[in-house]
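Participant: Residue-level listing of the chains:
There are 2 protein chains.
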Amino acid sequence: MTLPPTGLAAHLRTRPRGLPTADDFEIAPVRLASPGPGEVVVRNLFLSLDPAMLMLIAGLPGLPMPIYEIGEPMYGAAVGEVVESHDPALPAGELVLHQLGWREYAVAPAAQFRPVERGPESPSIHLHSGLVAYTGLRLAPLRTGDTVYISSAAGAIGSLAGQIAKLLGAGRVIGSTGSAQKVGRLIDDLGYDAAFEYHDGPVAKLLRASAPDGIDVYFDNVGGSHLRAAIDVLNPHGRIVLCGALEHQLSDSADPRIDPFPLLAKRITVQGFTVGEHQDLAPEYRRLLRDWLTAGAIRPAETIVDGLRNAPQALLDLANGNRVGKTVVRL
Amino acid sequence: MTLPPTGLAAHLRTRPRGLPTADDFEIAPVRLASPGPGEVVVRNLFLSLDPAMLMLIAGLPGLPMPIYEIGEPMYGAAVGEVVESHDPALPAGELVLHQLGWREYAVAPAAQFRPVERGPESPSIHLHSGLVAYTGLRLAPLRTGDTVYISSAAGAIGSLAGQIAKLLGAGRVIGSTGSAQKVGRLIDDLGYDAAFEYHDGPVAKLLRASAPDGIDVYFDNVGGSHLRAAIDVLNPHGRIVLCGALEHQLSDSADPRIDPFPLLAKRITVQGFTVGEHQDLAPEYRRLLRDWLTAGAIRPAETIVDGLRNAPQALLDLANGNRVGKTVVRL
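So the sequences go chain by chain: P and W.
Mind the numbering: the first sequence is residues 1 to 331 in full-length UniProt numbering, read in order.
Mind the numbering: the second sequence is residues 1 to 331 in full-length UniProt numbering, read in order.
Just chain P, same shape as in the assembly:
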């Protein structure tokens, strides 16, 4: 195919204090570099949007990945198709996963792209967060019959974590989310046994009502009030995996602190993790996912937004909890 001379790409123009606005982004055509030997050109099909990107935009420290620098290309997980190749090991036509998102075309050495399977599903399936959910549940570790609580349950990770927990043997899975409509989706579509709207009262009270016998595992995507509630309701030898801290990311005023004394008294385990450090689990997860998809045992939920220019607003919608499942930008 003949490449266009330019493609849209995004960078930060200014760094917001807190949540960004459209004015903080520059989204404009950039000239595509000519690929050199060993390089390929990838036309991106889908860009992944993740709440953690808000921390990279705001420049908050503490994440194990670089923040977005002003004027520099923004990275992000994307899936695309090789349209021109100067490396015989990665021919044109391959579907690839990579980190050069926030642009319509990526030109880079072939080693930066990982070929992925073309299945009957949308290519965006490769951007879904099931491996994160699977990794957290394995690390906890989840045991057969456990009662599991998952916060941000309708989000990209939570919408798969509930289903995967059940498939891995959880006895009962409870989710929390931010609207009555999403509570319905959790129960009807996403495999949750119980769910609550966290604005409806103190989280600990709502959680206890859904889990009268306590919980054994807490998969934390939120922190703050949800983490404190989970510690309150956890049974002895309960296990917490820390995967995200949405409350901290979305509000300067939310109190993130916990009293660790119950961790000692109830002999609870807490572990923070990042999926990138557990890639040894990826092959088994991909096999399981293929089996579950084939059997119709798992239903990945997705929100699709069209066009890179709509990505900033979609990221804010995501942060505000207006989306169910994985949010992707179709490019």
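Just to be clear, a hint being listed does not mean it is correct.
It does not matter which identical chain is used: a pair holds within one copy or between any two.
Stated by the list, open to error - Dumping the calculated DMTMM-like pairs for lysine to aspartate or glutamate here, alpha-carbon to alpha-carbon at most 20 angstroms: (1) 266 with 277; (2) 266 with 247; (3) 205 with 193; (4) 166 with 188; (5) 205 with 259; (6) 166 with 193; (7) 205 with 232; (8) 166 with 291.
These are calculated hints, taken from the structure and not from any lab test.
Everything numeric in this text was worked out from a predicted model, so none of it was measured.
Assemble chain W onto chain P, guided by the hints.
Facilitator: Same frame as chain P, but now just chain W:
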């Protein structure tokens, strides 16, 4: 031997708010019961004093063991000698470990007593907290070359945890304690590579000065300011074991809370434990301790107080940090 008609025993007369005073205890002679079939009489030699007893006295909830009830006999680890036996499996003369402390004589079924080895050391060695230290370090888990930080380092657990950490392969062991004199003991007698007096400044600053390359394991006996400092200074993939919460026990006003976000960002593991649930580690620890004692590789530190009537004051002294090593009452 002919038994005396009575022996001293202690119970709580009133429940203190916060730390107890001598008036809260009744320590008086009680008539010894006649042992029935299957029972033995044990003359206690040493009673163990533990900071957690202050929580049992104050009636604070949350510990995985019963509080002391008003007027009821107080329990506690003790080592004693069988002086009369009505069970052939546990003859007179045996040295035994048991939980019927806070009294000069214990009369109970033989099954409540566990025979222990009579070695060249004082029988009080069986009350030392090395198994607690060993369990925490194994659970962390401690890895060869790790830098380890231990709070309340001159206490019953810390005074052995530092030595055991080194024997298990730690690269560098750092302790904190409450006086310059005890800092000296940590370095000179107790195997610590570095130590600081925690009143000398913000704990995180003092810890960082002792551990310029960060710490890998934190053995927490204190909580609060020490736990927050450790989280601050821990390296990625750092590990925390929660063993005690002295700051919480000794002060109503100390803020126990931590910000869990660094646990996520640095992929840190935290686990609360109690030694009673890890008795599978006891046989290997006892073998190691015997080897270490024989080789002169470990030096258990001990403070001895004479007489049950002095136990309450000794418990307060212990809480106030005026003791080094394991505090025992000689009966």
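Participant: Evaluate each hint against the coordinates.
Facilitator: Against the structure, the hints come out as follows:
1. In the homo-oligomer, the alpha carbons of residue 266 and residue 277 lie at most 20 angstroms apart only across protomers (12 angstroms), although the nearest pairing inside one protomer, at 28 angstroms, exceeds that limit.
2. Proximity of residue 266 to residue 247 under the C-alpha cut-off of 20 angstroms is restricted to the inter-copy arrangement: shortest distance 18 angstroms between copies versus 25 angstroms within a copy.
3. Proximity of residue 205 to residue 193 under the C-alpha cut-off of 20 angstroms is restricted to the intra-copy arrangement: shortest distance 17 angstroms within a copy versus 48 angstroms between copies.
4. Only within a single protomer do residue 166 and residue 188 lie at most 20 angstroms apart by alpha-carbon distance; the minimum there is 14 angstroms, versus 56 angstroms between protomers.
5. Taking the closest pair of Cα atoms, residue 205 and residue 259 come within 20 angstroms of each other only inside a single copy of the chain (18 angstroms); across copies the shortest separation is 22 angstroms, beyond that limit.
6. Taking CA atoms no more than 20 angstroms apart as the test, residue 166 paired with residue 193 passes inside one copy only; the shortest distance there is 9 angstroms, against 49 angstroms between copies.
7. In the homo-oligomer, the alpha carbons of residue 205 and residue 232 lie at most 20 angstroms apart inside one protomer (10 angstroms), although the nearest pairing across protomers, at 32 angstroms, exceeds that limit.
8. In the homo-oligomer, the alpha carbons of residue 166 and residue 291 lie at most 20 angstroms apart inside one protomer (15 angstroms), although the nearest pairing across protomers, at 49 angstroms, exceeds that limit.
Violated hints are absent here; each numbered hint is respected by the structure.
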